[in-house]
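Residue numbers (numbering that gives the first Met the number 0), protein chains in the order written: chain A, 0 to 332; chain B, 0 to 332.
Note that these hints are calculated values from the structure, not bench results. If you're wondering where the values come from, they're calculated on a predicted model, not measured in any experiment.
For chains that are exact copies, the list does not tell them apart, and a pair is met inside one copy or across any two.
In silico DSSO-like cross-links for lysine-lysine, where the CA-CA straight-line distance does not exceed 27 Å:
1) Lys-296 <-> Lys-12
2) Lys-65 <-> Lys-1
3) Lys-64 <-> Lys-1
4) Lys-44 <-> Lys-191
5) Lys-8 <-> Lys-332
6) Lys-12 <-> Lys-2
7) Lys-65 <-> Lys-2
These are the residues of each chain, in order.
Number of protein chains: 2
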Amino acid sequence: MKKDIIKLKRTPKITSTYSVVGHLEKEGPLGEFFDEYSHDDKFGKDSWEKAESEMQKRALSGALKKSGFIDTEIDTLLAGDLLNQCVGSNYGLSSFDTGYLGLYGACSTCSEGLLIGSCLYGGGIVNNCAVVTSSHYCSSERQFRFPLEYGGQRTPTAQWTTTGAGAFILSENGRVEISEVMIGKVIDKGIKDISNMGAAMAPAAINTLKRFFLESEHSPDFFDLIVTGDLGYEGSEILKELLLSEGIDIRKNHVDCGLMVFDREGQDVHAGGSGCGCSAVVMASDIVPNLECGILKNVLFLGTGALMSPMSLSQGGSIPAVAHLVRLSSLVK
Amino acid sequence: MKKDIIKLKRTPKITSTYSVVGHLEKEGPLGEFFDEYSHDDKFGKDSWEKAESEMQKRALSGALKKSGFIDTEIDTLLAGDLLNQCVGSNYGLSSFDTGYLGLYGACSTCSEGLLIGSCLYGGGIVNNCAVVTSSHYCSSERQFRFPLEYGGQRTPTAQWTTTGAGAFILSENGRVEISEVMIGKVIDKGIKDISNMGAAMAPAAINTLKRFFLESEHSPDFFDLIVTGDLGYEGSEILKELLLSEGIDIRKNHVDCGLMVFDREGQDVHAGGSGCGCSAVVMASDIVPNLECGILKNVLFLGTGALMSPMSLSQGGSIPAVAHLVRLSSLVK
Numbered sequence: 000m001k002k003d004i005i006k007l008k009r010t011p012k013i014t015s016t017y018s019v020v021g022h023l024e025k026e027g028p029l030g031e032f033f034d035e036y037s038h039d040d041k042f043g044k045d046s047w048e049k050a051e052s053e054m055q056k057r058a059l060s061g062a063l064k065k066s067g068f069i070d071t072e073i074d075t076l077l078a079g080d081l082l083n084q085c086v087g088s089n090y091g092l093s094s095f096d097t098g099y100l101g102l103y104g105a106c107s108t109c110s111e112g113l114l115i116g117s118c119l120y121g122g123g124i125v126n127n128c129a130v131v132t133s134s135h136y137c138s139s140e141r142q143f144r145f146p147l148e149y150g151g152q153r154t155p156t157a158q159w160t161t162t163g164a165g166a167f168i169l170s171e172n173g174r175v176e177i178s179e180v181m182i183g184k185v186i187d188k189g190i191k192d193i194s195n196m197g198a199a200m201a202p203a204a205i206n207t208l209k210r211f212f213l214e215s216e217h218s219p220d221f222f223d224l225i226v227t228g229d230l231g232y233e234g235s236e237i238l239k240e241l242l243l244s245e246g247i248d249i250r251k252n253h254v255d256c257g258l259m260v261f262d263r264e265g266q267d268v269h270a271g272g273s274g275c276g277c278s279a280v281v282m283a284s285d286i287v288p289n290l291e292c293g294i295l296k297n298v299l300f301l302g303t304g305a306l307m308s309p310m311s312l313s314q315g316g317s318i319p320a321v322a323h324l325v326r327l328s329s330l331v332k
Numbered sequence: 000m001k002k003d004i005i006k007l008k009r010t011p012k013i014t015s016t017y018s019v020v021g022h023l024e025k026e027g028p029l030g031e032f033f034d035e036y037s038h039d040d041k042f043g044k045d046s047w048e049k050a051e052s053e054m055q056k057r058a059l060s061g062a063l064k065k066s067g068f069i070d071t072e073i074d075t076l077l078a079g080d081l082l083n084q085c086v087g088s089n090y091g092l093s094s095f096d097t098g099y100l101g102l103y104g105a106c107s108t109c110s111e112g113l114l115i116g117s118c119l120y121g122g123g124i125v126n127n128c129a130v131v132t133s134s135h136y137c138s139s140e141r142q143f144r145f146p147l148e149y150g151g152q153r154t155p156t157a158q159w160t161t162t163g164a165g166a167f168i169l170s171e172n173g174r175v176e177i178s179e180v181m182i183g184k185v186i187d188k189g190i191k192d193i194s195n196m197g198a199a200m201a202p203a204a205i206n207t208l209k210r211f212f213l214e215s216e217h218s219p220d221f222f223d224l225i226v227t228g229d230l231g232y233e234g235s236e237i238l239k240e241l242l243l244s245e246g247i248d249i250r251k252n253h254v255d256c257g258l259m260v261f262d263r264e265g266q267d268v269h270a271g272g273s274g275c276g277c278s279a280v281v282m283a284s285d286i287v288p289n290l291e292c293g294i295l296k297n298v299l300f301l302g303t304g305a306l307m308s309p310m311s312l313s314q315g316g317s318i319p320a321v322a323h324l325v326r327l328s329s330l331v332k
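For reference, chain A alone in the conformation it holds in the complex (with noise of 0.2 Å):
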């Protein structure tokens, strides 16, 4: 039979992270974590689709510095945004002198690069390469909802998209090393409801990671974390209700880089974060480093997208959506 987990002989390892955020993400739970911040969402540019791209710009160069790595020594770049056309990436990475290929997963991206990275390094393709990701919440307002200027009424179960960029090198330097993974499928139940993603990318979410423990030597106790990223509160309730009618609990383990990225009471994000940004700064400032030192040994990354279209759903469509999931490991004993 056909397997769906594909385990890597040859494993990379995260070499070196580096997080871009804007000023609400900074004042969160997590904000000493990240290794840089713009006051005014900015970064400097006249726009939010330019203060995305700089972002990136930022979060790549941040990535390399610490890899030691120059980009000429970086086989390819994987990449990615909400924006049309994907120019948060296309832009904010022009001036690398690198192979570029450009993903789009909604906000299962960082996954998808961290996994077809991974497969490019396993099936040595590949030696260096680099994932990077981002959101800017005013970018993604004006594009899928409503200009800022509007001043929409969001509903309870909205997510917040996240400020921010995330970049990832892998290499054979690191103590973080990806093993397994596994490819998303498509999943569309039907949900229309704009404001609420996490109910169209909760049933993607269970599709991967039911196949994922059917196939698995291991059990979800296994896992000190099960990331999803980004369901937000009401994708993870469903998730994790509907596991357990599965016979599958993750309530002990399961966080989601949506309710970690804010605190989603005090900092007035509803349903909490989303955005390709959302995990991957989450990943970059707070899984890795905690995986790095040995916090954490066992962790599964599962990125999920709601490929939501405005101009889909203004023709009645409805939300499909996608989960890829890592698996990330510590080599530190």
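Based on the hints, put chain B in the right spot on chain A.
Below, chain B without anything else, positioned relative to chain A:
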């Protein structure tokens, strides 16, 4: 020194292809070779975007049928299109029970998919995968330029987005082999004319071809065809002239998918075809079949993408571009 050409030890074969097009493409020079077409470009749907998704669905269904595989035997899809949030692919392929990796490379997406798919196969990560890309004249005009009803005038350098979807199955079976690939870099030479994509993309194609011939044991003459997709007339002329000034002469064996899919003068398409679907349907209906029967032996396919965004252009941005290279060889003696 780091090599940019990725030589695959385990080489995937193109097992099957399938092309779905609109009526203008059907009336063009390659009309008789396409597998399927719609006389009204709607494919039975009530919006252009849904028609594009339907093309993707039919293209993958057709390629699967020809290959003998069913969807659950495919390890992953690699798919993308020009629409915001890549909805052509997300919605078109959600009914297939297989992994899904979303890509964004504008018109280079077909080559990006073949490249990543070949690397995943080459590295032993997957055994069977499928590449699917599409574009639709009417959905592209609405999104990137003006709705059709506006009746906007086109300039002579403008390209005509191809209505079409192409699918490719890669596995161990087939008479066409992918043996080498090269990842493109984002190149931005400051072109800002939305109606001259060829000029924006040519520098990216030049960058990739120069790097390829610097490293390759073969000269341009070795290849029966060097296929770009899609520079159109303007971009093709720039490519040939600037490469010649660098001592690389591809005038005898260069063809461009944008110039093959339409009769440029007879069909009033200005500088030729473009779009994620253009190179996909030309490769699927003409180039790969000619390799399969041995009429062609060695082909370089260079997908070129203008990473253009209306939002970025309105903010004064230029048009970055990328070009990915895939080398195809006939296994027929």
